[in-house]
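2 protein chains.
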Amino acid sequence: VDREQEIIERIARKLRTRNLGHEASRLVLGMGDDAAILRLSRRSDFVVSCDAFLENVHFLADSHPAASVGYKSLARATSDLAAMGATPRFFLLSLALPAKRTGKWLDQFLSGLAQAARGLRMVLVGGDTAENSQVTVNLTVIGEAEPGRAILRSGARPGDAIYVSGTLGQAQLGLELVLRKLHRNSRWQKLLKAHLYPQPRIALGGWLARRRLASAMIDLSDGLSTDLTRLCEASGVGARLRLGQIPAVTVPAGLRRLGLDPLRLALDGGEDYELLFTVHPRGEKELHTAAASLRGGVKLTRIGEITRKKQIILVVSDGRPTSLRPGGWVHFRPRMRWR
Amino acid sequence: VDREQEIIERIARKLRTRNLGHEASRLVLGMGDDAAILRLSRRSDFVVSCDAFLENVHFLADSHPAASVGYKSLARATSDLAAMGATPRFFLLSLALPAKRTGKWLDQFLSGLAQAARGLRMVLVGGDTAENSQVTVNLTVIGEAEPGRAILRSGARPGDAIYVSGTLGQAQLGLELVLRKLHRNSRWQKLLKAHLYPQPRIALGGWLARRRLASAMIDLSDGLSTDLTRLCEASGVGARLRLGQIPAVTVPAGLRRLGLDPLRLALDGGEDYELLFTVHPRGEKELHTAAASLRGGVKLTRIGEITRKKQIILVVSDGRPTSLRPGGWVHFRPRMRWR
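If you're matching them up, the sequences are chains C and S in order.
Numbered by my numbering, the letters in the first sequence go through residues 1 to 339 in order.
Numbered by my numbering, the letters in the second sequence go through residues 1 to 339 in order.
In isolation and in its complexed conformation, chain C is listed as follows:
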């Protein structure tokens, strides 16, 4: 059972609204996708999402650099806008922290946050501060999209190809190094970057939205197995995933010996913030031709197809197909399956 999903459903049930009145004309998309869509004019939609980033749940204040905590709090929230194909614009910061972190720690946190804001071209417009026993960060991000162009989770249809950007499992590999206290070893420094400073796929998301190339999209925050399941459930479809085609992280032999398996990391590792999207077969040629023109370039890999049968099947090239269970990222508490 997806514990987070269950709680979200209880919230949605309790907060269900009848008689929307004036709000109805403004609300294009409510709960359940990567972000909500609000419309005030015919020319533009606001796309809104919020994201908690909590000490001892999402990061360890003594192991993770303060600059990474600041950077990542905004980057991960903004990935939800990328997943809609929206252009990031504004954010609000709600920050609670212990008095002992208001000195140098806060300065470095803010430097990391400012670095992310510059890179994402986002403007801080408001917020809230308080004292708390643990560092508690909440980011609300606001983006903009052309009306009708945002890409939802729910549009995948049988026969659509499934694509993923970048390389999967890199962020989880970095997290494993931190959890095993190997992150100060200079030998593995380069492997930490995807974990500490992830880059949401803003340009790719916006490009897919403008060209109407993706039928459905979600960002990979909780791992391929979990997020593909969510996209399929929202679309009322299933999927066939080809194991051999998954662009998995390269794990050095020294770390493989510690039990770090590339495919396991790629399937269940969280926080890659890559985009998972589906494309109608007619759009695939355009996707390949045009993707080359994307500034900076981004690797796109076809990893399977959407199926009618509501089940996710993992196809191993030399074995029998097996069914895939969501085994995504569970933060620092393996006991919990709650995001």
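Please note: incorrect hints may appear among the correct ones.
Intra- or inter-copy, both count: the list cannot distinguish identical chains.
Pairs of lysine to aspartate or glutamate residues, derived as DMTMM-like cross-links and limited to a Cα-Cα distance of at most 25 Å, are as follows [as the list claims (entries may be wrong)]:
(1) 310 / 233
(2) 14 / 62
(3) 14 / 107
(4) 193 / 107
(5) 190 / 286
(6) 309 / 146
(7) 310 / 9
(8) 299 / 284
(9) 181 / 261
(10) 193 / 284
(11) 14 / 233
(12) 100 / 9
(13) 190 / 305
Derived by calculation from the structure, the hints in this document are not laboratory data.
Quantities reported herein were computed from a predicted structural model and do not represent experimental measurements.
Mind docking chain S on chain C? Use the hints.
For chain S alone, kept in the frame of chain C given last:
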């Protein structure tokens, strides 16, 4: 020193943006007021604010009813929209809580939240959940205002009259009962309502904005002494406050004996969520005539005047004027002056 203000200024300094580009045309008002104002069309502005509500900082999960925690999390966030004269529309909920609170506690929390949403006519459009050792609530609220009509903190001018809605100190009186463990005593039940279920002044705020009657406005979240200081600083003015005119809470003799002083509660008590606003002398007559027509009725009291000299003076009817220091609400940690 206002510790919260100091931290907000550090955040603003670090996150300052040059070359706003496309965002500039959308951003009407950024950090530093009760909420930010974003414009997408000529007909309407979005007014956005966020607010953390944290266990052991803003509430005690074992003393405060879960329904009150849910209700108040939204009510207090929405008070920032009332303070701009905006009409509340949407909200996002970021909720982290311990596994032991996911049963009945969560149900009651959601019932209280749903009650507030119905009363305020707001729609939940998104959010985020996680497990955490303490209950951590973050509300982002989105309202709507006619362009140019939102009321800022910065518009007060010398000679303007200072008004306040309702009765001050009621919420703090309720909090004191909880802190002294008197809140289960049936004798004082009625005194808890303003603390547990505050009512943001949406109708009054919107009415003042539509009639352009208030030159500046702020909601009383941290206490009259602190919030009046903030309004004066934002406007670059001072104030003369008449102690005898402050509409202070009535404290039963049995509680006065415990040291609960009505004027102290009214001056420094937090969380009343009443509105503090200034009115040009020309507008006062209209204010009094028209206020009577406000549905439900709301008591408005003139408590002083804005002055040129940047100082807040407290005038006691039979004594010498003294200068007022901000002594507002400091949550559950008297050591901290940080909101």
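*asked:* Hint by hint, where does the structure go against what was stated? Just the numbers, ascending.
replied: 5, 6, 10, 13
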